[in-house]
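Keeping their order, the protein sequence lines are chains A and B.
For what it's worth, full-length UniProt numbering labels the leading residue of the first sequence as 1, then goes sequentially.
For what it's worth, full-length UniProt numbering labels the leading residue of the second sequence as 1, then goes sequentially.
Honestly, the hints are just simulated from the structure, not real lab data.
Any given hint could turn out to be false.
Pairs count within a copy or across copies, as identical chains cannot be separated in the list.
Derived pair list, reagent style EDC-like, types lysine to aspartate or glutamate, alpha-carbon separation capped at 16 Å [stated by the list, open to error]: (1) K269 / E329; (2) K195 / D244; (3) K178 / E6; (4) K3 / D181.
These numbers were taken from a predicted model, which means no experiment stands behind them.
There are 2 protein chains.
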Amino acid sequence: MVKFEEETYLDNVRGALALRGQIEAIVDAAAGQCGNLCWLGIGGTWASCLQTTVHMKERSAMEVFALNAAEYNTTGDRRVGERTFVVISSVTGTTEEMCAAVEKLHAAGARVLGFIDKEDSPLARAVDWCISFPHNEQLKFFMTADRFMFLRGEFKDYDRYYAQLDACLPEGLAAAEKAADEFGRSFAKAHMNDKLHYFVGAGTLYGATYSYAMCYWEEMHWIRTKSIHAAEFFHGMLEIVDRDTPVTVFVGEDSQRELALRVAHFLPKVCGNFCVIDTADYPLEGIDPEYRGSLSHLLMHAVTNRIDAHLEALSGHDMKLRRYYRQMEY
Amino acid sequence: MVKFEEETYLDNVRGALALRGQIEAIVDAAAGQCGNLCWLGIGGTWASCLQTTVHMKERSAMEVFALNAAEYNTTGDRRVGERTFVVISSVTGTTEEMCAAVEKLHAAGARVLGFIDKEDSPLARAVDWCISFPHNEQLKFFMTADRFMFLRGEFKDYDRYYAQLDACLPEGLAAAEKAADEFGRSFAKAHMNDKLHYFVGAGTLYGATYSYAMCYWEEMHWIRTKSIHAAEFFHGMLEIVDRDTPVTVFVGEDSQRELALRVAHFLPKVCGNFCVIDTADYPLEGIDPEYRGSLSHLLMHAVTNRIDAHLEALSGHDMKLRRYYRQMEY
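My request is simple: use the sequences and hints to build the entire structure.
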């Protein structure tokens with residue numbers, strides 16, 4: 001399988017899950033002074049923030065909100081104060097908008113937990129608590145969110161759920177990558193020359209839809225996309241779909257599944273070039289069915305990983321290449 | 001001027017501003033029992049909700065959030081309860097997701113103020129308070145938001161600000177439409193055959209960017225678009241911009257002006273087909289400069305109205321035509 005090393009993959013997921021002890025210690029110590037909870041990001045990390053707030057708002061009565069770093073730096077947010085707990089993530093630890101935001105958050109009295117992959121970086125030094133481990137940002141965010149909800153009595157199944165994840169998630173996701181490989185190849189082959197590709201999704205998968213379109217296809221593959229929330233699809237975008245329009249629908253298993261399915265059921269009436277990717281097609285051995293909604297975005301990421309690997313191989317376009325980002329001043 | 005009747009236009013803005021007494025009476029009576037404030041919409045009204053929350057979060061420490069109606073109907077939101085005041089808007093009063101949402105909001109104990117243009121409609125009957133007057137949804141939302149902030153002591157200038165709006169806004173916006181007419185014609189002519197047009201904006205104009213791209217170009221003109229927040233532009237989308245890519249930047253005068261300007265300054269380095277629409281180019285006689293940020297989205301709407309009028313005239317495509325929306329079951 002191209003670009004897939006199973007042992008490394010398993011180690012990455014296991015390593016992320018093993019951060020739970022550190023996360024619990026931080027959240028348990030901080031939760032008492034926490035009046036509201038803020039997820040702050042930009043670009044790909046902003047998408048992860050969106051996913052996490054969707055996950056929480058169904059379950060928690062806590063004041064939870066996502067902030068875009070650049071928006072916070074300019075507009076500010078009066079809800080941020082001394083009782084605000086902020087969670088951020090960064091691979092490089094140098095993203096300029098994030099560095100400025102942490103400074104502003106501190107000036108407002110907020111405290112910041114950073115998942116900063118590079119330990120020796122400006123962001124790693126700036127945050128109040130730093131956890132450094134590469135990959136699986138979404139899992140780190142959800143573990144943090146779940147611990148807050150557990151402490152508030154809003155996640156009764158916490159221990160059972162995480163026991164299953166620890167025991168079975170790494171192998172489950174690796175199995176999904178393997179099961180999706182042939183699909184990924186055929187999808188990449190069919191769409192590698194698209195002039196414009198539409199991605200539609202809902203729930204915790206909306207963040208995945210948004211970031212997959214923008215951070216992968218646009219930024220890494222240089223293919224134009226539009227992403228849209230499945231709920232919004234019916235209030236405008238549907239009108240430009242015709243027989244040949246390439247549209248892919250991400251269908252997850254959380255509470256908004258029906259919104260994505262509505263698009264999946266509409267498309268065959270007007271379009272002959274659509275694709276539905278349903279996480280329900282991928283088993284997760286050892287994990288209870290009722291937990292799959294909270295893991296759908298991870299399954300979808302396993303599938304899109306296979307599309308990316310084949311798209312890169314087939315097109316010959318190196319995903320690490322950038323035209324402008326960090327290549328020039330602006 | 002095509003599709004512009006000045007007296008009707010002035011009457012519409014004046015009529016919306018004249019709703020303020022009704023809005024104040026409702027908000028003044030309800031604010032004491034209000035623990036949090038929710039803006040709920042879908043499609044175009046969702047965009048107006050986004051604009052209003054940006055306007056408020058800079059100024060108010062109140063818990064304020066926007067909910068997409070279809071998301072609320074599926075995922076719910078545990079922050080919604082008996083102390084929640086909800087604001088909605090609908091032209092027809094029949095949008096199915098909105099009808100279902102109001103029912104669910106009521107089941108949670110929340111109370112709903114509806115700006116429902118059609119008095120004799122399901123939504124008008126369902127809401128707790130109904131104000132029926134066509135057009136200017138954004139102005140109605142901002143008046144409601146401003147009254148809440150005034151009562152909390154977060155908007156000291158309230159009386160002075162609205163005295164200026166009452167005296168000068170209708171004529172100011174009409175003047176902007178007239179000033180933008182020739183630009184609107186040339187823009188429509190240049191871009192009427194675009195295969196894909198990008199719109200970028202920030203702050204209260206992000207909602208305008210989103211809805212203009214989706215609800216006008218996609219839904220009404222059947223031209224493909226992507227809209228992106230100016231802050232997010234630099235985290236993915238920039239890589240697919242080349243010499244010929246049609247990109248329009250909406251620049252407003254609120255706190256996020258610099259985010260849009262950053263895109264406007266970047267584009268000339270890589271693109272020869274971009275356009276910047278800056279609300280600062282349009283005077284608003286009699287209105288203090290520091291208030292213009294709160295009115296930029298209205299000025300931008302005046303400009304895009306002119307693009308729409310000419311696009312319809314030049315293309316011969318009737319903006320009222322729909323392929324699918326309310327034309328078929330799905």
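The hints, checked one at a time:
1. In this assembly of identical chains, K269 and E329 lie within 16 Å of each other by CA distance solely across copies; the values are 10 Å between and 47 Å within a copy.
2. Within a single copy, K195 and D244 get their C-alpha atoms as close as 11 Å, and across copies as close as 14 Å, so both meet the 16 Å cut-off.
3. Taking the shortest Cα distances, K178 and E6 sit within 16 Å of each other inside one copy (9 Å), while across copies they are farther apart (64 Å).
4. Taking the closest pair of Cα atoms, K3 and D181 come within 16 Å of each other only inside a single copy of the chain (11 Å); across copies the shortest separation is 54 Å, beyond that limit.
No hint from the list above goes unmet by this structure.
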